[in-house]
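> These are the residues of each chain, in order.
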Amino acid sequence: MLSPERSLAPPEPAEGVRLSPWRPPVSDAERARHDRRMRAVVTAGAGVVGLLLAAFLGVITVNGLSAMLPIAPVDPALFGEAGLNAAESARAAAALGGWEGMSAGLLRGARWAPQALDTPSFGALGLLRSTALTTGLAAALAAPLGIAVAIYLSAFARPLERAWARPAIELLAALPSVLLGLIGVSLLGPVIARLFDLPSGLVALNGGLLLALMALPTVIAVAWEALDAVPQTFTEASLALGADRVTTLWRVTLPAAWRGLVAASLLGLGRALGETMAVLMACGNSEAPPTGLLDPAHALTATLALELPGALRDSAHQRALFGVGLLLLALTLTNQLVARRLLRRRAP
Amino acid sequence: MLFVPSLRALTLCALALAGQGCARPLRVQGSESELALIVRLAQRFAEAQPGVGVTLSGGGSAAGVTSLIDGAVDVATVSRPLLPTERVEAARRGVRLTATPFALDTICVVVHPDNPVQALHLDELGAILRGETTRWEALGGAGPISLYGRPSSSGTWSLLRERVVQGDYTPAIRALGGSAAVVQAVAADPHGLGYAALSYVRHAGGSVRALGLVVAEGEAPLDPRDEAAARAGDYPLTRSLSLVTLADPLPEAEALVAFAQDTDGAELIAEAGLFPLEAGHAEP
Chain S
146 MLSPERSLAP
156 PEPAEGVRLS
166 PWRPPVSDAE
176 RARHDRRMRA
186 VVTAGAGVVG
196 LLLAAFLGVI
206 TVNGLSAMLP
216 IAPVDPALFG
226 EAGLNAAESA
236 RAAAALGGWE
246 GMSAGLLRGA
256 RWAPQALDTP
266 SFGALGLLRS
276 TALTTGLAAA
286 LAAPLGIAVA
296 IYLSAFARPL
306 ERAWARPAIE
316 LLAALPSVLL
326 GLIGVSLLGP
336 VIARLFDLPS
346 GLVALNGGLL
356 LALMALPTVI
366 AVAWEALDAV
376 PQTFTEASLA
386 LGADRVTTLW
396 RVTLPAAWRG
406 LVAASLLGLG
416 RALGETMAVL
426 MACGNSEAPP
436 TGLLDPAHAL
446 TATLALELPG
456 ALRDSAHQRA
466 LFGVGLLLLA
476 LTLTNQLVAR
486 RLLRRRAP
Chain P
509 MLFVPSLRAL
519 TLCALALAGQ
529 GCARPLRVQG
539 SESELALIVR
549 LAQRFAEAQP
559 GVGVTLSGGG
569 SAAGVTSLID
579 GAVDVATVSR
589 PLLPTERVEA
599 ARRGVRLTAT
609 PFALDTICVV
619 VHPDNPVQAL
629 HLDELGAILR
639 GETTRWEALG
649 GAGPISLYGR
659 PSSSGTWSLL
669 RERVVQGDYT
679 PAIRALGGSA
689 AVVQAVAADP
699 HGLGYAALSY
709 VRHAGGSVRA
719 LGLVVAEGEA
729 PLDPRDEAAA
739 RAGDYPLTRS
749 LSLVTLADPL
759 PEAEALVAFA
769 QDTDGAELIA
779 EAGLFPLEAG
789 HAEP
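Chains S and P supply the protein sequences, listed in that same order.
Going by the working numbering, the first residue of the first sequence is number 146, and it counts up by one from there.
Going by the working numbering, the first residue of the second sequence is number 509, and it counts up by one from there.
One should not assume that every hint holds.
[Unchecked claim] Across the chosen pairs, the derived CB separations fall in these ranges: (1) S:S172 to P:P558: 48 to 58 Å; (2) P:R548 to S:A200: 37 to 47 Å; (3) S:L196 to P:L758: 27 to 37 Å; (4) P:E786 to S:P312: 34 to 44 Å.
[As the list claims (entries may be wrong)] What the simulated footprint calls covered on chain P by chain S, stretch by stretch (three residues with Cβ under 8 Å from a Cβ of chain S suffice, anywhere in the stretch; the number is not a length): (5) 558 to 572; (6) 589 to 601; (7) 684 to 696.
No lab work stands behind these hints, which were simulated from the structure alone.
Ideal placement from N, C-alpha and C gives every residue a C-beta, glycine not left out.
Make a model of the complete structure from these sequences and hints.
As C-alpha cells, this is what we get:
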C-alpha cells in the first residue's frame with residue numbers, strides 16, 4: 146500500500162531515464178479487495194502449515210508414548226494358525242510381545258541387540274554413546290574452526306574475500322550428505338585406516354570428521370552474523386582508546402558476541418545430531434558400543450534408518466526404535482531451544 | 509566400482525507413463541541383494557506392458573514383507589523364507605502371503621584377494637561370525653579378522669544366521685547398507701571377511717575373492733559361482749529369490765511374477781549372473 150503522504154502523481158523522470166507510460170493507480174476499493182484476497186490466501190496457507198505441524202506433533206506424541214507402554218502378548222492361537230513349532234512360537238512371542246516399556250529397556254541397557262535370537266535387548270546407551278562421540282568430535286572441531294573463520298571474515302577479511310566466502314560457505318552447506326558419506330567411505334576411510342593402522346576406516350572418527358565438515362557452514366554463518374551484530378561504536382571506541390585490533394577483538398568484540406557464538410556452536414551441533422546418511426555410510430554400525438573414536442559407531446539416526454523399514458508393526462523392535470526416535474527428538478529439540486534462547490537474548 | 513547406498517531413502521523409480529495419464533504404479537520393495545536384478549526386470553516389464561508403471565525401493569527383505577503386510581506395497585522381493593514372526597503378523601492382520609521363487613542365488617563369503625585362506629569349513633565360518641574365532645592365524649592367515657555384514661532387516665543376514673551362525677552374530681560385526689558396500693569394504697581391508705550376494709561379487713571382479721565352503725570334513729570346497737552345486741543345493745548358502753504377493757494379488761503384480769518366471773525374465777537373471785528358476789519350482 147502506498148503511504149498517504151506520498152503523491153499518486155507520476156514522479157518527475159530523472160535526466161536520461163526513460164519511464165514506461167504512467168498508468169493511473171487502482172482505486173482504493175479495488176486495492177482493499179486485493180488486500181482482503183491476499184490476506185485470505187496467506188491465512189489459509191498458514192492454517193495448512195499449522196495443521197500439518199499439529200498432526201506431526203500428534204503422531205510423534207502418540208508413537209512416542211506407545212514406545213513407553215508395554216505390548217500386550219500375542220494371542221497364542223495365532224502361532225498355530227501361522228504353522229509355527231514350539232521353538233519358533235517362543236521366539237516369535239519374545240520378538241512380538243517382549244517390550245516392557247521404555248524405562249525397562251531403552252535407557253538402562255548398553256546392549257542394542259533387537260533381533261537377538263532368544264533374548265532381544267534394547268539398551269540405547271551404546272547408541273547414545275556413538276552419537277555423543279561422533280557429534281561431540283564434530284562440535285569440538287567445527288566450533289573453534291568455524292568461529293575462527295567467522296572472526297577473520299568479520300574483522301580482518303578484505304571485501305573481495307568476503308564476497309567469495311559467502312557463496313563458498315553456501316556451497317559447503319548444500320553438499321548432499323550422501324556425497325559426504327561417499328567421501329568418507331572412499332577417501333577418508335583409507336586415510337584413517339593407514340594413519341592409525343586400523344583394518345578399516347569405517348569408524349567413529351570418520352563420521353565425526355564428516356559431521357564437522359557438515360556443521361562448519363552453519364557455525365560460520367551464524368557466528369559471522371553474531372560478530373557483525375556487535376555495534377560498530379564498540380570497536381571504534383576501543384580503537385579510539387588506543388587498543389589494537391587484536392585486543393579489541395578479545396576484550397570487546399568477543400565478549401559482546403559470546404551468546405551468538407555459543408548459539409552458532411549449538412546450531413552446528415544440531416546439524417550433526419540429526420545427520421543420518423553420512424554417519425550410516427562412514428561409521429560401520431557395529432552393535433558393540435564404541436570405546437573410543439577408533440571403534441565403529443552406531444549412531445541413533447543410522448539405527449533408525451537401517452532398522453525401521455524392516456521392523457514389524459507393534460513388534461518390540463519397532464517400539465524400541467520409536468523410543469530411539471523420541472530420544473533423538475528430545476536431544477535435537479533441547480539443543481535448538483537453548484540455541485534459540487541464546488540468540489534471542491543477545492546483549493544490546 | 510561405484511558404491512550405491514541403496515537404502516529405502518534412495519528410491520529407484522522405473523516409470524512408464526501410459527498414453528493418457530498414469531495409473532497407480534505397481535509398488536515393489538524388498539531385498540537389497542536382488543535390487544540390481546529387480547531394477548532391470550522391472551524396466552523390461554514396464555517396457556513390455558505399456559501403461560504399467562513400477563516403483564522400486566530396497567531396505568531389505570524384512571522391509572518388503574513389513575510393507576506388504578501393511579498394504580504399502582504390492583510386491584515384496586525376498587531373499588529368504590518368510591520368518592515365523594512375519595507369518596504370525598500376517599495371521600494377526602488377516603493377510604495371506606504367497607511366495608514365488610524365480611531365481612537361485614548364492615551368498616558368497618568374501619575376503620581380500622591377498623588373503624592366503626582359500627576355503628572355510630562351515631563350522632569355522634560360524635565360529636567367526638559368532639565371534640569365537642577372532643584371528644586369521646587359526647585358519648592359515650595372519651592378523652585379526654574384521655567383519656562386515658548387513659543389518660537385521662536384510663534377508664541375507666537372517667538366512668546366514670539360520671544356516672551358519674545358529675546363534676547370535678558377534679556385536680563387533682559392522683552392518684553396512686548393502687552387498688555393494690560390503691564388497692567395497694572388504695576390498696579395502698586385507699583382514700576383512702564379509703558376506704554378499706553373488707551378483708555383487710561377480711560385479712566386483714578381482715577386488716574381492718569368494719571363499720570356497722567345505723560342508724563335510726574331507727570333501728572338496730564348493731564354489732558359490734558353480735551353477736551345478738547351487739542347483740543341486742550342495743552349496744550350503746544357496747537360496748531362492750522370491751516375489752511375495754498377497755494371496756489375491758493385483759493383476760499387475762501377478763503379471764510381474766509371471767514375467768520373472770518366463771524366458772525374458774530368465775534371460776535377465778542369467779545376465780545378472782544368477783540362476784533362473786522355472787515356474788513350479790519347489791523351495792530348495
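> Compare the structure with each hint and give your call.
Verification of the hints:
1. S:S172 to P:P558: 48 to 58 Å: Once the Cβ atoms are compared, 56 Å apart, the range 48 to 58 Å for P558 (chain P) and S172 (chain S) holds.
2. P:R548 to S:A200: 37 to 47 Å: Holds, since R548 (chain P) and A200 (chain S) (Cβ atoms, about 39 Å apart) stay within the stated range.
3. S:L196 to P:L758: 27 to 37 Å: With Cβ atoms ~33 Å apart, the hint holds.
4. P:E786 to S:P312: 34 to 44 Å: Roughly 59 Å apart at Cβ, these two residues miss the hinted range, so it is violated.
5. 558 to 572: holds (count 5)
6. 589 to 601: With 9 residues in contact (Cβ-Cβ under 8 Å with chain S), the coverage given for the region 589 to 601 of chain P holds.
7. 684 to 696: It holds, with 6 qualifying residues against the three required.
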